[in-house]
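> Here is how the chains run, residue by residue.
There are 2 protein chains.
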Amino acid sequence: MPTVKRDTYTPDSLLSVAVRVFNERGYDGTSMEHLSQAAGISKSSIYHHVRGKEELLRRGISRALGGLFGILEEPRAVEGRAVEQLEHVTRRTVEVLMTELPYVTLLLRVRGNTDTEVWAMDRRREFDQRVAELVKRAAAEGDLRSDVDARLATRLLFGMINSIAEWYRPDRAGSNGAPNDTSAEVAEAVVRTAFSGLRTH
Amino acid sequence: MPTVKRDTYTPDSLLSVAVRVFNERGYDGTSMEHLSQAAGISKSSIYHHVRGKEELLRRGISRALGGLFGILEEPRAVEGRAVEQLEHVTRRTVEVLMTELPYVTLLLRVRGNTDTEVWAMDRRREFDQRVAELVKRAAAEGDLRSDVDARLATRLLFGMINSIAEWYRPDRAGSNGAPNDTSAEVAEAVVRTAFSGLRTH
Chain Y
1 MPTVKRDTYT PDSLLSVAVR VFNERGYDGT SMEHLSQAAG ISKSSIYHHV RGKEELLRRG
61 ISRALGGLFG ILEEPRAVEG RAVEQLEHVT RRTVEVLMTE LPYVTLLLRV RGNTDTEVWA
121 MDRRREFDQR VAELVKRAAA EGDLRSDVDA RLATRLLFGM INSIAEWYRP DRAGSNGAPN
181 DTSAEVAEAV VRTAFSGLRT H
Chain L
1 MPTVKRDTYT PDSLLSVAVR VFNERGYDGT SMEHLSQAAG ISKSSIYHHV RGKEELLRRG
61 ISRALGGLFG ILEEPRAVEG RAVEQLEHVT RRTVEVLMTE LPYVTLLLRV RGNTDTEVWA
121 MDRRREFDQR VAELVKRAAA EGDLRSDVDA RLATRLLFGM INSIAEWYRP DRAGSNGAPN
181 DTSAEVAEAV VRTAFSGLRT H
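Protein chains in written order, with UniProt numbering: chain Y, 1 to 201; chain L, 1 to 201.
None of these hints come from the bench; they were simulated from the model.
Take every hint as true, because none was put in to throw you off.
If chains are identical, the list can't say which one is meant, so a pair holds when it fits in one copy or spans any two.
Computed cross-link-like contacts, SDA-like style, restricted to lysine to any residue with a CA-CA straight-line distance of at most 20 Å:
hint, residue 1, residue 2
1, Lys136, Asp181
2, Lys43, Ser31
3, Lys136, His201
4, Lys136, Thr200
5, Lys136, Ser196
6, Lys136, Arg199
Start from the sequences, fold in the hints, and give me the full structure.
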């Protein structure tokens, strides 16, 4: 049993520990006991900060959603041609995923039946839907190829973006010993690949 | 408790049931009891076909790997320019993923410590590595853009392809009531998106 340390947690630092444990064990597989052990403070100390693990899930998911929906309010996401807005949203979604990796990972993995999980899945679907509308508008403006269905294009775009959460580890150098790519570099590579394609023209 | 039915399974039909249960419950979370219930035959009947659940895992994974590595032997995967080979392998990987969905899903989800799981992850890495070499050759031949790193390009390509397993359900019509896209249509959309990009030129 780990030594119980004095509770010096802030709401944010406790959240960070909880989200790491949720991602490692799965939300369903995480008990207050697991959180207490990971944080090194008693369960009653955790209850001093939050009502329970579902509140920690809600806060973690909220942080991811705040980052993602915030993108849609940025000037470059609402001005100009739809295809430019779409490229901006793609680039920024990659950046938010990489800088807020544990929180977005939590959002991407949520499957479940609690109110918070249902709400998280609804909000995630809403974000996807907003991007899907941008894809449709860009297609209607003649800026996207017409031989790839808009719904499928949206899915492939999110497939590429979300898969980054499977391999990107901010604390780990690349396998060649070089530092990890920065989020801006990966974001640019995603935009180039998805919109202009890997082939030289 | 379900009625125990007469064992009319063939090795293939028993495998199909087992792979479905592995994908639903996770391999670790599946016991011989679960398999017995899902198949509706006794555990001893299952042991008549296989030595245990790890043999079923190995057979399921082998079927996925057979499909995937088979692609690399096809004439269009070994002849002509590397970029053409790469496009062929991309197209066919999507098709194999969609037609052998449960088996490839099993392969994609494997994480674990049994010999079979370690072997599966090694073989999957080997397939990814073979595709990564094609990407590098196509870049060296000047057919891929030089401003997206070959390793990252490979990851984004597999991100797009593998994400199809998250949403494609062969038995379900599209949400608009239309039939699902065929594997050839989705494969073509992936090749167009990844190699030529979504934007009109």
